[in-house]
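**Student:** These are the residues of each chain, in order.
There are 2 protein chains.
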Amino acid sequence: MGKLLIVGTVAFDAIETPFGKTDKILGGAATFIGLAASQFGAKSAIVSVVGEDFPKEYLDLLSDRNIDISALQVVKGGKTFFWSGKYHNDLNSRDTLATELNVLADFDPVVPGNFKDADVLMLGNLHPSTQLSVIKQMEERPKLIVLDTMNFWMDNALEELKEVIAHIDVITINDEEARQLTNEYSLVKAAEKIQQMGPRFVVIKKGEHGALLFHNAEVFFAPALPLEDVFDPTGAGDTFAGGFAGYLTETKNISFNNLKSAVIHGSNLASFCVERFGTERMVNLNKKEVNQRLLQFKELTQFDIELQ
Amino acid sequence: MGKLLIVGTVAFDAIETPFGKTDKILGGAATFIGLAASQFGAKSAIVSVVGEDFPKEYLDLLSDRNIDISALQVVKGGKTFFWSGKYHNDLNSRDTLATELNVLADFDPVVPGNFKDADVLMLGNLHPSTQLSVIKQMEERPKLIVLDTMNFWMDNALEELKEVIAHIDVITINDEEARQLTNEYSLVKAAEKIQQMGPRFVVIKKGEHGALLFHNAEVFFAPALPLEDVFDPTGAGDTFAGGFAGYLTETKNISFNNLKSAVIHGSNLASFCVERFGTERMVNLNKKEVNQRLLQFKELTQFDIELQ
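So the protein lines, in turn, are chains A and B. The numbering of the first sequence is the working numbering, which starts it at 23 and goes up by one. The numbering of the second sequence is the working numbering, which starts it at 23 and goes up by one.
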């Protein structure tokens with residue numbers, strides 16, 4: 023059984039979609055990553071920070087899924103990071119209504135002793151300096167370091183972002199961000215340039231249009247499962263990353279072929295995430311549903327073809 | 023060897039992309055469909071109309087590829103249909119600069135006697151009444167009728183469009199058009215509704231994001247091949263349709279599994295079409311390149327996965 027160390031936000035989200043709205047509910051990158059990774063056998067821990075206002079039931083929800091939360095700092099008198107957003111009718115774009123950093127502003131991550139030898143390090147979207155600080159605390163270089171980031175850091179901390187990108191193995195990034203980072207419109211060229219910046223593997227997330235995995239001259243594509251209804255896209259990217267990292271931690275094989283499978287597992291879990299608000303669907307997910315949908319992925323994409 | 027009857031425009035296009043611009047070059051839906059279908063062994067004919075200004079070398083180009091052009095009317099003193107467009111920087115959207123119907127305005131298609139028993143009828147984008155007139159001229163109902171259309175007819179001839187849709191087996195349509203036709207944002211729901219209108223199979227084209235094939239509860243997805251450079255998207259949708267129809271004509275098997283293969287063949291040929299202006303790449307395409315890229319499609323999408 024492998025060990026997975028997850029760094030990222032644990033937060034309150036308030037979400038509005040064309041189908042309804044929520045008050046403050048459980049959110050945050052590390053939350054979605056952890057829940058997705060918990061579908062696999064890996065032993066995982068979350069490094070993060072919340073305020074005193076964070077409900078015990080949410081902490082229990084994580085530890086009940088065998089996620090070690092001993093390095094999830096609870097700041098006395100502090101308030102938990104809060105994000106609020108409203109999705110447009112097509113669910114492909116959203117407006118951020120509020121971002122209250124609160125305790126996240128002074129977050130100083132501390133890697134717990136028993137995870138300094140983690141096999142896989144999953145760096146959720148955070149300030150690149152925070153991500154780098156975690157890498158430096160590891161006793162041995164993890165077999166695989168996966169990083170998720172976003173355009174905000176390209177705009178505001180590009181040098182730090184480039185530094186952390188030089189230290190990692192896999193980056194997950196969306197198509198627009200890949201283009202912004204490289205000034206290349208072609209995703210093939212963008213992925214080539216990003217590989218030159220450090221990571222051996224580049225995963226480009228295209229939301230409802232699936233995800234691409236690049237490694238040297240190899241490319242793999244996983245579609246998003248066509249769904250009758252997408253309810254709330256919040257957390258889909260983190261769920262993808264969590265499934266990806268969780269699967270690789272458990273299978274301990276970082277060949278291109280196994281990374282393909284990891285992309286499918288990540289896409290599969292993300293397809294559940296978007297069916298309900300926030301973490302609701304992920305919390306109630308069972309193995310049978312997961313396996314059924316993996317078969318759907320296979321039917322969706324597999325074909326026989328004879329050369330002419 | 024099956025018989026494929028193709029109805030659609032044969033035209034002049036003038037194209038501007040971020041990479042260059044052309045004068046009037048060979049274009050038109052039936053042209054791209056015919057060139058793509060000619061990659062397979064099927065015997066095909068084009069029903070269309072051009073003016074006296076249409077160069078003999080373009081006619082030869084078609085007949086050299088074993089496309090029967092005896093039903094391609096040449097109107098004395100008439101001018102060929104002309105379309106001009108300019109693509110935006112992302113190549114995903116374009117402005118139409120000119121549409122001169124010319125001889126197309128009075129086009130009255132006449133199906134040649136030797137193709138009234140065609141196995142497959144491919145109706146390229148045209149006025150739905152014209153498409154319907156061709157169906158009615160067939161002596162026996164073709165084994166498969168494939169129809170391509172666009173939003174223009176939804177805006178301007180919706181009732182006629184619905185009538186022709188009720189007579190066909192496969193519709194190829196892009197994602198926005200599928201949404202417009204059904205008032206459903208979810209493509210799964212849109213495809214369900216379209217099947218209720220007539221066609222047993224619905225192909226939703228998503229351009230650089232691939233294509234979906236729906237039939238009852240079954241779904242198949244073919245990605246577009248990630249390319250270093252897309253040069254000119256003109257004709258990609260028609261090339262897709264031509265590859266799809268040409269493959270099915272030749273293999274004479276309209277099972278869902280074989281339609282999957284047809285979608286892959288169509289996507290494969292479309293990936294070449296966009297590499298040069300207009301028909302340039304399709305005209306110079308050889309079997310070896312086609313087969314090589316089919317293998318790339320396989321590598322791009324195939325995976326092994328074990329259920330947990």
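In case anyone wonders, no lab produced these hints; they're calculated from the structure. Treat the hints with care, as some may be off.
No copy labels: a pair is met if it fits in one copy or bridges any two.
25 angstroms max Cα-Cα, derived DSS-like pairs, lysine-lysine [unchecked claim]:
id, residue 1, residue 2
1, 211, 320
2, 211, 78
3, 211, 43
4, 211, 228
5, 310, 320
6, 43, 108
7, 211, 274
8, 211, 108
9, 65, 108
10, 101, 228
11, 309, 98
12, 46, 320
**Student:** It remains to establish, for every hint, whether it holds in the given structure.
**Tutor:** For each hint, the structure was consulted:
| no. | hint | verdict |
| --- | --- | --- |
| 1 | 211 <-> 320 | between (28 angstroms within a copy, 21 angstroms between copies) |
| 2 | 211 <-> 78 | neither (47 angstroms within a copy, 40 angstroms between copies) |
| 3 | 211 <-> 43 | between (39 angstroms within a copy, 23 angstroms between copies) |
| 4 | 211 <-> 228 | both (16 angstroms within a copy, 21 angstroms between copies) |
| 5 | 310 <-> 320 | within (16 angstroms within a copy, 28 angstroms between copies) |
| 6 | 43 <-> 108 | within (9 angstroms within a copy, 41 angstroms between copies) |
| 7 | 211 <-> 274 | neither (29 angstroms within a copy, 40 angstroms between copies) |
| 8 | 211 <-> 108 | between (33 angstroms within a copy, 24 angstroms between copies) |
| 9 | 65 <-> 108 | neither (34 angstroms within a copy, 55 angstroms between copies) |
| 10 | 101 <-> 228 | neither (33 angstroms within a copy, 44 angstroms between copies) |
| 11 | 309 <-> 98 | neither (38 angstroms within a copy, 70 angstroms between copies) |
| 12 | 46 <-> 320 | neither (37 angstroms within a copy, 45 angstroms between copies) |
The earlier numbered hints that this structure contradicts are 2, 7, 9, 10, 11 and 12.
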